[in-house]
Amino acid sequence: GESVGLHLPTLSVQEGDNSIINCAYSNSASDYFIWYKQESGKGPQFIIDIRSNMDKRQGQRVTVLLNKTVKHLSLQIAATQPGDSAVYFCAEKASISNDYKLSFGAGTTVTVRA
Amino acid sequence: DAGITQSPRHKVTETGTPVTLRCHQTENHRYMYWYRQDPGHGLRLIHYSYGVKDTDKGEVSDGYSVSRSKTEDFLLTLESATSSQTSVYFCAISIRNEQFFGPGTRLTVL
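Residue numbers (our numbering), protein chains in the order written: chain A, 1 to 114; chain B, 1 to 110.
Just so you know, these hints were derived from the structure itself, not from any lab. Note that the structure is a prediction, hence the values are computed from the model and not measured. Glycine included, C-beta positions come from ideal geometry on N, C-alpha and C. Some clues are possibly wrong.
In silico contact screen, one side only, chain B against chain A (beta carbon under 8 Å); selected entries [as the list claims (entries may be wrong)]:
#1 Gly16
#2 Gly42
#3 Leu43
#4 Tyr50
#5 Tyr64
#6 Thr86
#7 Asn97
#8 Glu98
#9 Phe101
#10 Gly104
#11 Thr108
To give a feel for the contact side, a few chain B residues facing chain A, derived at Cβ under 8 Å [stated by the list, open to error]:
#12 Gly40
#13 Ser65
#14 Ser84
#15 Phe90
#16 Gln99
#17 Gly102
#18 Pro103
#19 Val109
Use the sequences and the hints to build the structure in full.
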């Protein structure tokens, strides 16, 4: 089975509200996590990453939180815009992986309501 | 897009025929990956390469083979396509921990 997964397959958000996308992982040996955004018909694009020695990292309008105690990762998007409508994936890398392999969750589809 | 192209972008083929998908990169990256994407499964690793002629299996490698005779090209071959291989295929390269993806190839096996 998958070692990385998302709690909800879909999320509907009102434009201007904040979005929170959740991800649970099971491999306690993972030391690096990434959030990707995939728009329709395109490949996944990097949003933000976080290492296991951190519990929070902020980017432009996005924040990633990592709770290693419960193996939980979340992506927060501030002031959600129509262009944020996409599928969001979390991915993890095991610390023992020397080939930079990532394991991906199933994804959450975010729809922004006008 | 880290200089990654995939060809073809779309292909329809029949069960039992061989199919080869090409991934081309222009920036001399060592690591390259092939994924398939299906509804409800996210991205699953098929094969990957860590250098010319150096490849290894991913989690869903059955029915697929790969070759890398040049740094810039990573080929994915379905020796005898089956309907279960209908999917969207993504190539990726790795720059340290971060992976960058190509635009994808939509393959339909009838």
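Going down the list of hints, with the structure as the test:
1. A distance limit of 8 Å between C-beta atoms decides the matter here; for B:Gly16 the minimum to chain A is near 29 Å, and the interface restraint is violated.
2. Among the interface hints, the one on B:Gly42 holds; its C-beta lies about 4 Å from the nearest C-beta in chain A, closer than the 8 Å criterion.
3. Residue-level restraint check for B:Leu43 holds (minimum Cβ-Cβ distance to chain A is 4 Å; threshold 8 Å).
4. Because the closest C-beta pair between B:Tyr50 and chain A is about 6 Å apart, less than 8 Å, the hint holds.
5. Against a cut-off of 8 Å between C-beta atoms, the interface hint on B:Tyr64 is violated, since the closest Cβ of chain A lies about 16 Å away.
6. Among the interface hints, the one on B:Thr86 is violated; its C-beta lies about 17 Å from the nearest C-beta in chain A, farther than the 8 Å criterion.
7. The interface hint given for B:Asn97 is met, as the beta carbon of that residue sits about 5 Å from the closest beta carbon of chain A, less than 8 Å.
8. A cut of 8 Å between beta carbons decides the hint on B:Glu98: the least distance to chain A is about 6 Å, and the hint holds.
9. Interface restraint check: B:Phe101 against chain A, minimum CB-CB distance 3 Å, threshold 8 Å, status holds.
10. Annotation: interface hint on B:Gly104 holds; nearest CB of chain A at approximately 5 Å, less than 8 Å.
11. Hint status for B:Thr108: violated, given a least beta-carbon distance of 15 Å to chain A, over 8 Å.
12. Annotation: B:Gly40 was flagged as interfacial toward chain A, and the flag holds, the nearest CB pair being 6 Å apart, inside 8 Å.
13. Below 8 Å, beta-carbon pairs count as interface contacts, and B:Ser65 has none with chain A, the closest being about 18 Å; its hint is therefore violated.
14. Interface hint at B:Ser84: violated, since its Cβ lies 18 Å from the closest Cβ of chain A, which is beyond the 8 Å cut-off.
15. Interface restraint check: B:Phe90 against chain A, minimum CB-CB distance 5 Å, threshold 8 Å, status holds.
16. Nearest Cβ of chain A to the Cβ of B:Gln99: about 6 Å, under the 8 Å cut. The hint holds.
17. Checking B:Gly102 against chain A: minimum C-beta separation of about 6 Å stays under 8 Å; hint holds.
18. With a cut of 8 Å, the hint placing B:Pro103 at the interface with chain A holds, because the nearest CB-to-CB distance is about 5 Å.
19. A hinted interface residue such as B:Val109 counts as satisfied when its beta carbon comes closer than 8 Å to some beta carbon of chain A; here the least separation is about 20 Å, so the hint is violated.
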